[in-house]
Amino acid sequence: MTSIQFEDTAVRVPLPGRGRREILAPTTLHLTEHRVAVIGANGSGKSTLARTVNGLVRPSSGRVTVDGKDVVRDGAAVRRMVGFCFTDPAAQLVMPTCVEDIELSLRRTMKDSSARRERALAVLAANGLEQHAHDSVHSLSGGQRQLLALAGVLALEPRVVVADEPTTLLDRANTRRVADALLGLEQQLVLVTHDLDLAARCDRVLVVDSARVVHDGTPEESIAHYVRLADAVTPG
Amino acid sequence: MAGLHQPGDTVLHRLSVGAKVLGLAALSLSIVVARDVRAAVVFLLLTLLLAALARVPLRSVWRAARGVLLIAVVASAFQWWWYGAEKAVETFLDLLSLGLAALSLTATTAVNDMVDALSRWARPLRFVGVDPDRVALTVALTVGALPGTIAIARETRDAARARGLDRNPRAYLSPFVIRIVARAHESGDALHARGIGD
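Heads up: the sequence lines are chains A and B, in that order. In terms of the working numbering, the first sequence has 223 at position 223, counting the first letter as 1, and numbering is strictly consecutive. Add 236 to a position in the second sequence, counting from 1, and you land on the number used in the working numbering.
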């Protein structure tokens with residue numbers, strides 16, 4: 001498995017006229033498990049933690065490395081290794097049709113357009129979307145869009161997939177479809193989620209609260225810790 | 237006029253992107269320059285023939301025509317008022333023809349082929365420090381962003397209506413601009429995450 005290392009990584013953002021606010025407190029972690037879930041309340045810092053893994057958010061201090069490559073210094077190399085799935089796939093899908101969007105992902109690595117088309121169609125077929133190849137991305141259901149966004153990420157054969165609340169906007173059936181696709185990946189998965197059933201299917205679960213990783217352990221322990229935290233805020 | 241690419245093997249599909257873009261430019265120029273209602277009818281028939289030749293589905297033709305219809309009706313109404321009925325009909329037919337001509341291009345050309353062609357054409361700009369791939373991608377993204385922008389416009393309008401503020405332009409325009417900027421940021425992040433532009 002890939003090795004993701006956080007070394008005293010902190011993220012601070014400037015506040016107008018009021019100094020800086022810490023949105024991720026200094027964090028040291030070594031993630032080598034196949035599936036790692038990150039759970040926590042809204043605004044706790046889960047997404048910030050996940051976004052540092054491929055350099056979408058740059059650490060203010062400390063560093064993050066993926067298989068030894070620094071996400072800031074070796075940004076392009078890290079982005080080739082780390083694919084990212086967003087909560088709202090609509091922001092991620094930028095081409096008019098499904099096959100064209102996958103082809104966009106492949107532009108960097110495949111210069112020949114017919115080979116690119118062939119590979120894009122194969123990627124769609126592998127993700128059960130071949131019948132939608134020439135459909136508008138806007139005509140797909142939410143679940144299909146998220147699967148297409150995932151297919152666009154997988155087309156580049158990353159070693160790690162980071163998914164930031166990929167099922168938040170989906171109904172139950174589509175949640176199951178997307179979850180099965182993500183949890184069935186051979187790649188290392190870092191999954192930010194509010195869905196505790198999904199977190200329970202991972203190998204390691206981090207609990208983030210007030211910009212800190214407050215618990216790190218097995219799914220059972222971490223979920224129990226998170227539930228206690230949530231109950232303390234809204235008892236009963 | 238950002239119609240969807242319809243894969244196929246027609247003459248138009250087989251033509252190079254350059255030939256199609258030049259053809260579209262020449263046809264559009266002719267439509268605009270020819271100031272005669274009979275010429276407008278001929279151009280409309282010609283563009284319908286092109287759409288048929290490209291085997292563009294009727295549904296797409298109707299969608300493209302519907303998209304341009306509102307603009308055509310408004311523009312023609314002004315023409316009628318200022319110059320009379322003949323000019324209004326000519327303007328109406330010309331706008332429909334331009335829409336259909338653009339549809340025939342987009343329906344027979346994959347966006348990525350267009351990006352490849354634009355990138356080739358922009359190569360000389362390298363000498364002045366411009367990245368041709370980035371220029372081509374920007375054009376493609378601008379076209380690709382249109383349906384999403386329209387969807388956001390509709391959602392924002394519906395949200396204003398739901399709050400009973402449909403007659404207040406600020407209730408519509410402010411959230412619309414904010415959402416467009418937010419979407420641009422999200423898309424930028426997504427492109428960055430996909431390594432596009434690295």
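Worth flagging that the hints you see were computed from the coordinates, not collected in a lab. The structure displayed is predicted, hence computed values, not measured ones. Incorrect hints may have been included.
[As the list claims (entries may be wrong)] Examples of chain B residues lying across from chain A (beta carbon under 10 Å, computed):
hint: 1; residue: A262
hint: 2; residue: G365
hint: 3; residue: V366
hint: 4; residue: D367
hint: 5; residue: D369
hint: 6; residue: L373
hint: 7; residue: A418
hint: 8; residue: R419
hint: 9; residue: D425
hint: 10; residue: I432
Using N, Cα and C, we set each Cβ at its ideal position, and we do this for glycine too.
To see whether the hints hold, each was checked on the structure:
no.: 1; hint: A262; verdict: violated, 25 Å
no.: 2; hint: G365; verdict: violated, 20 Å
no.: 3; hint: V366; verdict: violated, 18 Å
no.: 4; hint: D367; verdict: violated, 13 Å
no.: 5; hint: D369; verdict: holds, 8 Å
no.: 6; hint: L373; verdict: holds, 8 Å
no.: 7; hint: A418; verdict: holds, 9 Å
no.: 8; hint: R419; verdict: holds, 6 Å
no.: 9; hint: D425; verdict: holds, 6 Å
no.: 10; hint: I432; verdict: holds, 7 Å
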